[in-house]
Structures are given as C-alpha cells and as structure tokens.
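Trainee: So in the numbering used here, the last one in the sequence shown is 250, and the numbering has no gaps at all.
Where hints are given, some of them may not hold.
[Unchecked claim] Derived Cβ-Cβ restraints for the label pairs, each shown as a range:
id	residue 1	residue 2	range
1	F18	E199	26 to 36 Å
2	E83	E246	15 to 25 Å
3	P65	T24	17 to 27 Å
4	G56	Y122	21 to 31 Å
5	G227	G56	15 to 25 Å
6	E246	V216	28 to 38 Å
7	K21	P72	26 to 36 Å
8	K124	E161	13 to 23 Å
[What the hints assert, rightly or not] PhoX-like mimics (lysine-lysine), calculated; alpha carbons at most 20 Å apart, straight line:
id	residue 1	residue 2
9	K136	K21
10	K20	K91
11	K144	K125
12	K5	K26
13	K82	K116
14	K95	K116
15	K82	K95
16	K82	K144
17	K144	K120
18	K102	K82
19	K231	K124
20	K120	K231
21	K120	K226
22	K116	K144
23	K136	K124
24	K144	K124
25	K26	K125
26	K136	K82
27	K5	K102
28	K218	K189
29	K21	K5
30	K20	K5
31	K95	K5
32	K82	K5
33	K231	K116
34	K91	K116
35	K158	K125
36	K91	K102
The set of hints was computed from the structure by calculation and includes no laboratory data. Ideal Cβ positions, reconstructed from N, Cα and C, are used throughout, including at glycine.
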Amino acid sequence: MKQYGLIGYPLTHSFSKKFFTEKFRNEGISSSYDNFEISDISLLPGIIEGNPGLVGLNVTIPYKEQVIPYLGGLDEAAKEIGAVNTIKIIRKGGGIFLKGFNSDTHGFESSLKPFLKEYHKKALILGTGGASKAIKYVLAKLGIEYISASIEELKENEIRYEDIDGGMIDEYLLIINATPLGTYPKVETFPPIPYEFIGRQHLLFDLVYNPEVTKFLEFGQKKGATTKNGHEMLINQALRSYEIWNG
4 MKQYGLIGYP LTHSFSKKFF TEKFRNEGIS SSYDNFEISD ISLLPGIIEG
54 NPGLVGLNVT IPYKEQVIPY LGGLDEAAKE IGAVNTIKII RKGGGIFLKG
104 FNSDTHGFES SLKPFLKEYH KKALILGTGG ASKAIKYVLA KLGIEYISAS
154 IEELKENEIR YEDIDGGMID EYLLIINATP LGTYPKVETF PPIPYEFIGR
204 QHLLFDLVYN PEVTKFLEFG QKKGATTKNG HEMLINQALR SYEIWNG
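Please construct the entire structure, taking both the sequences and the accompanying hints into account.
Mentor: What follows is the structure, encoded as structure tokens:
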C-alpha cells in the first residue's frame, strides 16, 4: 500500500490529511496519508527510512526552505522560488532519491486565471513571507507587474503599508493577501490598506481559506470587487502533488 504524508511543526490543523483521506476513500484508492509532526528537519531521513511504503510528502511551515539541503534535486519552480511543498520519494536498487517540487505555483495560477481581465496588469501583494514567493513566480510568468507591501525592512520592489494611497489602489487592480491576517480564530484582523478606494474592476485574492470570507474579502465585496479565497488554490496544489507522486 502506498503511503503519503505531511511534515511540518506544529500540525494542529491539516487540510491535507483530511483531503487525501477522503479522496482515497471516495475513489477506492488503497493508500494512506499521515501527519509527521517533527520538531526539527534533521528528523526527516528517519521518517523516510522508517516508513518503507512512503512515496510522497507534502511540506509545510517551517520546513519549506529548510528541507532543500536534504533533497537530491529540485524542479524549476522550486529552484527559482527557493521553497518546496512537495517531495517525490524514489526508491530504486536499495537507494533513496528525493526530488523537491513547488505545487503552490500551480494551485495559485489555476485558481487565479479564470478571474483575470485584460485590465489586471498590475498586482499589489500584501506580505513578503514564504507564501508570497510562489505568487511572485506566477505573476512574472503571466506578465503581471507587481509590488509588495511589507512591515519588514524594505527590499527591492517593496513599499510600506502607510505608502499605499488611493492613487496606488486605482493603479493596482489585482490585490493579493499573502499574510495570515484574517485567519481563524483571529477573524477580525485584516491588512491595513485604504479599502474606500476599491472599485468594481478590482480583483481581491486571499490565500486564507478559513473563514470562507475574510474581512479583507468582505471589504472588497462591499465595494463591488470580485473576490476569491484560497480554498481552490489549496485543492489544486494538493491534486498537483498527487500527480507528481504518481507521475
């Protein structure tokens, strides 16, 4: 029986385990999906050696970058982004080869593209953490110019939240929340931008999926904007992971 799993710490709430367990049951697939809550990435080799049926892993925080030195190869997206969320475990002739992939890019692109209009030429990314890396990769691929809002020390192509004014909101018609603001249980939190300037041409995309409608999306909806949460992105990246493991 094929075994799959998730590594991360902590793993208090796992979308992946629930998603794949239901998928396997509904489709009659004889496989299992387990959470491996490891306190240090150095424990990964032991997990792989101790579970001979393990053929694929998902990777979540805080190990998406820390896992790379343990891998034998990376796909193009993972290499450019510098983050891995999917590992394919290849066992041949007594040896084990690990290859890292980033399926977040597929998840984001496939859930964003149906909503894009010809006037969505510029994107404002809220947040500069790990989640924003896959977003930037996809936007560059789609030819969409972007700038990021940061609370950290500014790097190239970044601005502070207090510098976001009405003129900027008018110019950047795609706004993406790549921060955890608004995630359950802190549902009253939201990125500090001037929502009064949002209009009907705006597309607000929130990587958060719980709750279904965050304050960020609610404010956009009140202004007539198109809104999209991160649930489909999560499903699409999970399905892409499964394709990678079995491809």
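Trainee: Run every hint past the structure and note whether it holds.
Mentor: Cross-check of the supplied hints:
1. The hint said 26 to 36 Å for the Cβ distance between F18 and E199, and at roughly 34 Å that hint holds.
2. At about 20 Å, the beta-carbon gap between E83 and E246 stays in the expected band of 15 to 25 Å.
3. P65 and T24 have their C-beta atoms about 24 Å apart, which keeps the hinted 17 to 27 Å range intact.
4. Between G56 and Y122 the beta carbon distance is about 50 Å. The supplied range of 21 to 31 Å is therefore violated.
5. Distance hint check: the CB atoms of G227 and G56 are about 51 Å apart, inconsistent with the given range 15 to 25 Å.
6. The supplied range of 28 to 38 Å is met by E246 and V216, whose beta-carbon atoms lie about 30 Å from each other.
7. The supplied range of 26 to 36 Å is met by K21 and P72, whose beta-carbon atoms lie about 30 Å from each other.
8. In this structure the hint that K124 and E161 lie 13 to 23 Å apart at CB holds, the actual value being about 19 Å.
9. For the hint pairing K136 with K21, the CA-to-CA distance comes to about 26 Å; that exceeds 20 Å, so the pair is violated.
10. Between the alpha carbons of K20 and K91 the distance comes to roughly 17 Å, so the proposed pair stays at or under 20 Å and holds.
11. For the hint linking K144 to K125, the alpha-carbon distance of about 13 Å falls within 20 Å, and the restraint holds.
12. Between the alpha carbons of K5 and K26 the distance comes to roughly 14 Å, so the proposed pair stays at or under 20 Å and holds.
13. Our distance criterion of 20 Å between C-alpha atoms is broken by K82 and K116, whose separation comes to about 23 Å.
14. In summary, the hint linking K95 to K116 is not supported, as the alpha carbons are separated by about 38 Å, beyond the 20 Å threshold.
15. In summary, the hint linking K82 to K95 is not supported, as the alpha carbons are separated by about 24 Å, beyond the 20 Å threshold.
16. Between K82 and K144, the direct Cα distance comes to roughly 15 Å. Compliance with the 20 Å bound is thereby established for this hinted pair.
17. Of the pairs offered as hints, the one joining K144 and K120 holds, with about 16 Å between alpha carbons and a cut-off of 20 Å not exceeded.
18. With a C-alpha separation of about 11 Å, the suggested pair K102 and K82 falls inside the 20 Å cut-off, and the hint holds.
19. With a C-alpha separation of about 18 Å, the suggested pairing of K231 with K124 holds against the 20 Å cut-off.
20. For the hint linking K120 to K231, the alpha-carbon distance of about 14 Å falls within 20 Å, and the restraint holds.
21. About 18 Å separates the Cα atoms of K120 and K226, which keeps this hinted pair within 20 Å; it holds.
22. Between K116 and K144 the alpha-carbon distance is near 12 Å, which keeps this suggested pair within the 20 Å criterion.
23. For the hint linking K136 to K124, the alpha-carbon distance of about 19 Å falls within 20 Å, and the restraint holds.
24. Of the pairs offered as hints, the one joining K144 and K124 holds, with about 12 Å between alpha carbons and a cut-off of 20 Å not exceeded.
25. Note on K26 and K125: the hinted pairing is violated, with a Cα-Cα distance of about 37 Å set against a maximum of 20 Å.
26. This hinted pair checks out: K136 and K82 have alpha carbons roughly 11 Å apart, not beyond 20 Å.
27. Between K5 and K102 the alpha-carbon distance is near 17 Å, which keeps this suggested pair within the 20 Å criterion.
28. For the hint linking K218 to K189, the alpha-carbon distance of about 10 Å falls within 20 Å, and the restraint holds.
29. Straight-line distance between C-alpha atoms of K21 and K5 comes to about 17 Å, which keeps the hinted pair within the 20 Å bound.
30. Taken as a hint, the K20 and K5 pair is honoured in the structure, with Cα atoms around 14 Å apart against an allowance of 20 Å.
31. Restraint check for K95 and K5: satisfied, since their Cα atoms lie roughly 15 Å apart, inside the 20 Å limit.
32. Straight-line distance between C-alpha atoms of K82 and K5 comes to about 27 Å, which puts the hinted pair past the 20 Å bound.
33. Proposed proximity of K231 and K116 is supported: the alpha carbons are some 11 Å apart, at most 20 Å.
34. Of the supplied pair hints, the one linking K91 and K116 is violated, its CA atoms being roughly 27 Å apart against a limit of 20 Å.
35. Distance restraint check for K158 and K125: the Cα-Cα separation of roughly 19 Å lies within the 20 Å cut-off, and the hinted pair is therefore satisfied.
36. For the given pair, K91 sits about 5 Å from K102 by alpha-carbon distance, which is consistent with the 20 Å threshold.
When each numbered hint is compared with the structure, violations occur for hints 4, 5, 9, 13, 14, 15, 25, 32 and 34.
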